[in-house]
Amino acid sequence: MSLSTATVPATVIVLAAQRPGVVNALARDSGVSHKCLVPICGQPLIAHVIGTLVATPGVGKIKVSVEPEIHLTLAKLFEGMTGVPIELVPSRPGIADSVLAAAEGEDDPVIITTADNVLLTPAAIAEVRTALAEADVVAGMTTQGAVQAVHPEAQRRFYMFRDGGYSNCNLYGVSGPHAFRAAEIFREGGQFKKNPRRLVTAFGLFDILLVLARLVTLDGAMKRASRRFGLRFRTVIFSDGALAVDVDNARTYGIAGTVLAKRIGWAG
Numbered sequence: 001m002s003l004s005t006a007t008v009p010a011t012v013i014v015l016a017a018q019r020p021g022v023v024n025a026l027a028r029d030s031g032v033s034h035k036c037l038v039p040i041c042g043q044p045l046i047a048h049v050i051g052t053l054v055a056t057p058g059v060g061k062i063k064v065s066v067e068p069e070i071h072l073t074l075a076k077l078f079e080g081m082t083g084v085p086i087e088l089v090p091s092r093p094g095i096a097d098s099v100l101a102a103a104e105g106e107d108d109p110v111i112i113t114t115a116d117n118v119l120l121t122p123a124a125i126a127e128v129r130t131a132l133a134e135a136d137v138v139a140g141m142t143t144q145g146a147v148q149a150v151h152p153e154a155q156r157r158f159y160m161f162r163d164g165g166y167s168n169c170n171l172y173g174v175s176g177p178h179a180f181r182a183a184e185i186f187r188e189g190g191q192f193k194k195n196p197r198r199l200v201t202a203f204g205l206f207d208i209l210l211v212l213a214r215l216v217t218l219d220g221a222m223k224r225a226s227r228r229f230g231l232r233f234r235t236v237i238f239s240d241g242a243l244a245v246d247v248d249n250a251r252t253y254g255i256a257g258t259v260l261a262k263r264i265g266w267a268g
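UniProt numbering puts the first residue of the sequence shown at 1, with every later residue one more than the last.
Derived by calculation from the structure, the hints in this document are not laboratory data. One thing to keep in mind: the hints can contain errors.
[To be verified] Here are the in silico distance ranges between beta carbons for each label pair:
| # | residue 1 | residue 2 | range |
| --- | --- | --- | --- |
| 1 | Gly-83 | Arg-263 | 17 to 27 Å |
| 2 | Lys-262 | Glu-79 | 25 to 35 Å |
| 3 | Pro-122 | Asp-219 | 23 to 33 Å |
| 4 | Thr-82 | Ala-149 | 31 to 41 Å |
| 5 | Gly-105 | Arg-28 | 27 to 37 Å |
| 6 | Arg-227 | Glu-69 | 35 to 45 Å |
| 7 | Gly-254 | Gly-80 | 23 to 33 Å |
| 8 | Met-81 | Asp-248 | 19 to 29 Å |
| 9 | Pro-57 | Val-22 | 29 to 39 Å |
| 10 | Ala-101 | Pro-122 | 20 to 30 Å |
| 11 | Lys-262 | Ala-101 | 30 to 40 Å |
| 12 | Lys-262 | Ala-55 | 12 to 22 Å |
[To be verified] Dumping the calculated EDC-like pairs for lysine to aspartate or glutamate here, alpha-carbon to alpha-carbon at most 20 Å:
| # | residue 1 | residue 2 |
| --- | --- | --- |
| 13 | Lys-61 | Glu-127 |
| 14 | Lys-76 | Glu-87 |
| 15 | Lys-262 | Asp-240 |
| 16 | Lys-61 | Glu-106 |
| 17 | Lys-262 | Glu-153 |
| 18 | Lys-223 | Asp-163 |
| 19 | Lys-61 | Glu-87 |
| 20 | Lys-223 | Glu-134 |
| 21 | Lys-61 | Glu-79 |
| 22 | Lys-61 | Asp-107 |
| 23 | Lys-61 | Glu-104 |
| 24 | Lys-61 | Asp-108 |
Cβ coordinates follow ideal geometry from the N, Cα and C atoms, glycine included.
Kindly generate the complete structure, drawing on both the sequences and the hints.
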């Protein structure tokens, strides 16, 4: 992607499917079929995400990757959200395959996020789009300090590099079809902190040993990833630590709900 195409409208893929064979505890406790439908601050999780996207300049299209059985439910939910076309796409069994299926036919930049990313902001999306002017793959991240400033328990695991700890923000950018050969990054659902072996699969043992020994900075790790995949990798480091707080469990639900309520002025 060149500087001249940095303003091309982006397609945003929202991953909203359940993990195969897993009953989500938040969905079960809320009496809904999918986590994306769990209410927070008066609306389903995904409604907050879509609301942010339709209000973000530069978003040309939204594709929601989710199981077909809730397409009708979501279509009704999105009826009042106008300004950006929203397409419901059948999800696939794995994260990477769902991303690739949703991105099929897209030649313009693609931004990828999740339906539980309720603290997503237009500013964060704009930063990723801008970064794609000089990168093939962009990952949104924030520092350990910024996350813990939001709440001491906002995240319990961080990627540790020589220059400190970082957390991902479930916000990625891909400049075009050629860059989707990095889809292995998404194949394990981004759950690298829970299972370090997945990092080895994606990035290689030697590179991971360097990270584990804290011998490389985050920027250095991105340069090594660039060489491994033959693509230009870049991170965007957000100052807003709340961007790393997605709704993953009861603990993060409570933290995200508190932050979101303050942002939108919801009294409950």
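- Query: Given the hinted pair Lys-61 and Asp-107, is their alpha-carbon gap at most 20 Å?
  - Reply: Holds: Lys-61 and Asp-107 sit about 12 Å apart, inside 20 Å.
Margin query: Looking only at beta-carbon atoms, does the pair Met-81, Asp-248 fall within the given range of 19 to 29 Å?
Written below: holds, 24 Å
Using the Cβ atoms, figure out if Arg-227 sits within 35 to 45 Å of Glu-69. holds, 43 Å
Discussion item. Between the alpha carbons of Lys-223 and Asp-163, is the straight-line distance 20 Å or under?
Written reply: holds, 15 Å
Is the hinted range of 27 to 37 Å satisfied by the C-beta distance from Gly-105 to Arg-28?
Holds - the Cβ-Cβ distance for Gly-105 and Arg-28, about 36 Å, lies within 27 to 37 Å.
- prompt: Using the C-beta atoms of Ala-101 and Pro-122, is the stated range 20 to 30 Å upheld?
  reply: Given about 26 Å between the Cβ atoms, the range holds.
- Query: Does the hinted range 17 to 27 Å hold for Gly-83 and Arg-263 at CB?
  - Reply: holds, 21 Å
*Do the Cβ positions of Lys-262 and Glu-79 conform to the proposed distance bound of 25 to 35 Å?*
holds, 28 Å
- Query: Do the alpha carbons of Lys-76 and Glu-87 lie within 20 Å of each other, as the hint requires?
  - Reply: holds, 12 Å
Q) Thr-82 and Ala-149, beta-carbon distance inside 31 to 41 Å? A) The hinted range 31 to 41 Å holds for Thr-82 and Ala-149, with Cβ atoms some 36 Å apart.
Satisfaction of hint between Glu-153 and Lys-262, Cα-Cα up to 20 Å: holds, 18 Å
Restraint status (C-alpha distance of Lys-61 to Glu-106 at most 20 Å) | holds, 10 Å
When each numbered hint is compared with the structure, no violation occurs for any of them.
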